[in-house]
Amino acid sequence: MSDESNWFAVNIHSLLWKRRVGEDFLKVQNPPQSPFAKGGDHWQPTAALASLRLRAELLKKIRTFFELRGVLEVDTPALSRAAATDQHLASFRVASARGGNFYLHTSPEFPMKRLLAAGAGDIWQLCKVFREGEAGRLHNPEFTLIEWYRLGFDPHRLMHEVHELLAELLPDASSAAEYLTYREAFQRHAGLDPFNYGKQDCMRVLQDSGRHIPSEGDLDHDGWLDLVAGELVYPKLGRRGLAFIYDYPASQAALARVRAGDPAVAERFEAFFHGIELANGFHELLDAAEQRRRFLADGDYRRSHGLPEVPPDENLLAALESGLPDCAGVALGLDRVLMLAAGAQSLDEVIAFPSSRA
Amino acid sequence: MASYSTSEFRAGLKIIMDGDPYNIVENEFVKPGKGQAFNRVKIRNLRTGKILDRNFKSGDTMEAADVSDMEFQYLYNDGEMWHFMNPENYEQLAADKAAMGDAGKWLKGEEVCIITLWNGRPLSVQAPVFATLKITHCEPGVRGDTVSGATKPATVETGATVQVPLFVNEGEIIKVDTRTGKYSARVKE
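As given, the protein sequences belong to chains A and B, one line each in that order.
Each number in the working numbering corresponds to the 1-based position in the first sequence with 175 added.
Each number in the working numbering corresponds to the 1-based position in the second sequence with 46 added.
What the hints contain is simulated information worked out from the structure, not anything from laboratory work.
All residues carry an ideal CB built from backbone N, CA and C; glycine is no exception.
Any given hint might turn out to be false.
[What the hints assert, rightly or not] Just a sample of chain A residues kept apart from chain B, beta carbon distances all over 10 Å, derived:
id : residue
1  : D376
2  : D437
3  : E452
[As the list claims (entries may be wrong)] When the alpha-carbon atoms are kept at most 30 Å apart in a straight line, the in silico DSBU-like pairs for lysine-lysine are as follows:
id : chain 1 : residue 1 : chain 2 : residue 2
4  : B       : K80       : A       : K236
5  : B       : K80       : A       : K303
6  : A       : K411      : B       : K228
7  : B       : K198      : B       : K228
8  : B       : K80       : A       : K374
9  : B       : K151      : B       : K228
10 : A       : K411      : A       : K236
11 : B       : K221      : B       : K198
12 : A       : K411      : B       : K96
13 : B       : K96       : B       : K143
14 : A       : K235      : B       : K80
15 : B       : K103      : A       : K303
16 : B       : K103      : A       : K411
17 : B       : K103      : A       : K374
18 : B       : K221      : B       : K143
19 : A       : K374      : B       : K88
20 : B       : K60       : B       : K103
21 : B       : K80       : B       : K96
Between the sequences and the hints, there should be enough to build the whole structure, so can you do that?
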């Protein structure tokens with residue numbers, strides 16, 4: 176553990192608990208004989224009871240936050256006939272006894288956009304989402320997402336709102352946030368221009384920092400950036416307060432609109448705190464034809480890389496054709512926020528039953 | 047040949063890389079929300095003990111190493127090799143100096159050791175955690191000094207040298223922690 180994260184763990188923990196509930200709270204609520212967080216037997220929860228209480232408290236704050244802003248809480252299906260086509264997302268497939276497949280959603284984005292197109296106005300949702308194959312200290316295949324959409328917001332206005340929400344949930348995140356373009360972040364922390372680089376440049380900056388380069392299977396152009404990001408850039412973001420990265424390479428637009436220019440950039444942003452990615456947002460793509468092109472391109476990628484093909488969401492395309500209002504949207508990983516708020520080192524400490532015990 | 051996908055990676059898994067067997071010490075799944083996933087892995091070379099950091103693209107596979115731990119009884123040293131016997135089927139095997147590491151310093155005979163085998167060949171040998179050994183030579187003891195913490199070198203019956211407290215005498219029997227090579231306690235006969 177680095178000194179910084181150690182400092183953070185100690186500090187957040189003491190700040191939060193000493194101030195809010197008193198030092199005795201943890202002891203009282205989680206006595207030594209309690210099965211909570213003991214981890215001994217497989218049936219037992221891996222999270223402390225205090226973490227469960229903290230989760231309930233954060234949920235209350237989130238509901239209040241959106242209520243005060245007049246954002247409507249909505250609920251959309253977790254099971255869908257369509258799935259995210261994203262190259263790096265794997266959906267759980269659920270075979271229906273009555274024929275065909277359903278997919279567990281990886282985010283509620285598509286049906287929420289259908290609500291926006293139908294005229295729902297500002298909306299938010301709290302839901303469980305599912306991503307196959309993602310498990311580790313900072314990943315659980317099933318996790319809790321807070322996703323919201325704001326009409327007429329641009330990415331910067333939404334980044335400010337993300338900061339306001341996180342400041343309420345994480346006491347240490349209330350200080351001034353740092354805003355960097357994707358390009359500035361890479362230049363500052365990796366010495367690499369993410370809009371003008373080759374594989375050799377990535378290998379050089381990784382080797383200069385003593386990082387190992389995977390030998391198996393060559394990475395694609397964006398894959399190299401992802402490797403540099405994970406090794407050299409993201410871990411350094413948000414060390415003193417929240418950090419936002421925006422204006423991504425157009426090749427990583429996902430569902431964000433691309434702003435013409437030299438270079439063209441995707442109007443996408445991410446939020447980081449203590450090196451951990453917490454949120455991803457878009458200035459939402461409104462162009463149905465462009466959305467269809469991206470779905471088709473993802474399909475081509477999936478076929479050529481031996482990934483399972485998934486049905487793109489025709490309902491989303493129809494909604495875009497009927498007209499999506501100008502809006503920005505963002506998804507926030509609640510379990511990670513909770514982990515940081517609790518001063519925990521892994522999601523298992525704040526999820527009652529992670530997938531290994533589900 | 048058996049292989050493991052990165053999704054099966056976990057601490058304790060044995061893999062082969064560049065012709066050597068490795069033990070996975072730590073496995074971290076690293077993935078930007080919308081990007082390529084990697085496994086950042088700390089691995090220990092089971093032959094040399096060296097620890098390396100490695101990145102794997104998630105989905106890659108690694109060849110599994112046929113490595114297992116088995117109990118063997120130490121028989122004798124022929125000057126070059128250490129000979130052991132499987133107490134269940136009386137099969138014998140010999141370990142060289144590289145595989146023995148420091149373990150040979152603590153063996154008198156008949157101790158049950160854990161031998162890590164790779165494709166049936168000894169890769170490393172673990173002596174029992176505590177070795178009970180007679181002191182064959184050391185400077186005379188300082189009576190009563192049980193608190194100063196000062197030590198002196200003592201030679202034990204296997205020929206190894208151990209730092210012992212000043213009150214310990216030649217001919218006495220001591221317990222040594224073989225993991226650290228340190229004196230642990232005096233044993234009454």
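Taking the hints in turn, this is what the structure says about them:
1. At roughly 17 Å, the least C-beta separation between D376 (chain A) and chain B is larger than 10 Å, which holds for a residue marked as non-interface.
2. The claim that D437 (chain A) is not at the interface with chain B holds, since no C-beta of that chain comes within 10 Å of its own (minimum 24 Å).
3. Separation of E452 (chain A) from chain B is inadequate, the least Cβ-Cβ distance of about 6 Å not exceeding the 10 Å criterion.
4. Taken as a hint, the K80 (chain B) and K236 (chain A) pair is honoured in the structure, with Cα atoms around 28 Å apart against an allowance of 30 Å.
5. Between K80 (chain B) and K303 (chain A) the alpha-carbon distance is near 18 Å, which keeps this suggested pair within the 30 Å criterion.
6. Between K411 (chain A) and K228 (chain B), the direct Cα distance comes to roughly 42 Å. Violation of the 30 Å bound is thereby established for this hinted pair.
7. Under the criterion of a C-alpha separation no larger than 30 Å, the hint pairing K198 (chain B) with K228 (chain B) is consistent with the structure, at around 12 Å.
8. Only pairs whose Cα atoms come within 30 Å are accepted, and K80 (chain B) paired with K374 (chain A) is accepted, the gap being roughly 20 Å.
9. Only pairs whose Cα atoms come within 30 Å are accepted, and K151 (chain B) paired with K228 (chain B) is accepted, the gap being roughly 12 Å.
10. Of the pairs offered as hints, the one joining K411 (chain A) and K236 (chain A) holds, with about 29 Å between alpha carbons and a cut-off of 30 Å not exceeded.
11. Taken as a hint, the K221 (chain B) and K198 (chain B) pair is honoured in the structure, with Cα atoms around 16 Å apart against an allowance of 30 Å.
12. Using a Cα cut-off of 30 Å, the hinted pair K411 (chain A) and K96 (chain B) holds, with the two alpha carbons roughly 28 Å apart.
13. Our distance criterion of 30 Å between C-alpha atoms is met by K96 (chain B) and K143 (chain B), whose separation comes to about 17 Å.
14. This hinted pair checks out: K235 (chain A) and K80 (chain B) have alpha carbons roughly 29 Å apart, not beyond 30 Å.
15. A hinted pair counts as satisfied when its Cα atoms are at most 30 Å apart, and K103 (chain B) with K303 (chain A) qualifies at roughly 27 Å.
16. With a CA separation close to 22 Å, the supplied pair K103 (chain B) and K411 (chain A) stays within the 30 Å bound.
17. Between K103 (chain B) and K374 (chain A) the alpha-carbon distance is near 15 Å, which keeps this suggested pair within the 30 Å criterion.
18. Distance check on the hinted pair: K221 (chain B) and K143 (chain B) sit about 24 Å apart at the alpha-carbon level, within 30 Å; holds.
19. At roughly 24 Å between alpha-carbon atoms, K374 (chain A) and K88 (chain B) fall within 30 Å of each other, so this suggested pair holds.
20. At most 30 Å may separate the alpha-carbon atoms for a hinted pair to count; K60 (chain B) and K103 (chain B) meet this at roughly 18 Å.
21. With a C-alpha separation of about 34 Å, the suggested pairing of K80 (chain B) with K96 (chain B) is violated against the 30 Å cut-off.
Of the hints listed earlier, those the structure fails to meet are numbers 3, 6, 21, in rising order.
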